[in-house]
Amino acid sequence: MRADAARNRARVLEVAYETFAADGLGVPIDEIARRAGVGAGTVYRHFPAKEDLFRAVIEDRMRHIVDEGRALCDSDPAGGIFTLMRAMVLDWGATDRGLVEALSGAGIDVNRAVPHAEAEFLGMVGDLLAAAQAAGTVRADVTVPEVKGLVVGLQAMQSYNPAVAEAGLTVVFDGLRAK
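In terms of full-length UniProt numbering, the sequence shown has 97 at position 97, counting the first letter as 1, and numbering is strictly consecutive.
Since the hints were derived computationally from the structure, they do not count as laboratory data.
Computed spacing ranges between beta-carbons, pair by pair:
(1) G175 x A113: 30 to 40 Å
(2) H116 x P162: 23 to 33 Å
(3) G107 x A140: 33 to 43 Å
(4) A87 x T143: 17 to 27 Å
(5) A156 x G24: 14 to 24 Å
(6) D4 x G126: 36 to 46 Å
(7) A71 x E14: 15 to 25 Å
(8) A6 x R177: 40 to 50 Å
(9) P145 x L90: 20 to 30 Å
Calculated lysine to aspartate or glutamate pairs in the EDC-like style (CA-CA distance at most 20 Å, straight line):
(10) K50 x E31
(11) K50 x E14
(12) K50 x D96
(13) K148 x D67
(14) K148 x E120
(15) K148 x D96
(16) K50 x D30
(17) K50 x D60
(18) K148 x D127
(19) K148 x E166
(20) K148 x D109
Positions of the beta carbon are idealized from the N, C-alpha and C atoms, including for glycine.
Work out the full structure, taking the sequences as your base and the hints as a guide.
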């Protein structure tokens, strides 16, 4: 793919992610193209059907999260799990939740649309958790499903009451830390 085509595709995915999360899945492709600063033909060349765009947005978002987590595993093995959890709840939570709710409301199952994404995500969380446990910063009895459950719960709180979600992160982090 040419560099300009790759940039356009990345821009379309970014705008589509933000648009679908904020405005729902009913936003026309022409509007996404306009917001991305490209022609509708550019969007259709990359994504012949709207479902292709949905799938690509999900894959791109999951790839971004997994890449962020892997980078944290390399740069901050002791604290990366805390950084990822904070980002997922406070920084990305509302937008990601909006996208997931929009997809669910349209009858699109994220796990069915991109079946490998959940496994990659959980693998990355497992690596971050293992690194933190090896560094002695997280209790040895904490598991990946527990971390995922805590994040999902805090994300739900974030959409309801952001201040409580932020305070809840402090409580959760205190509970996760090795003594």
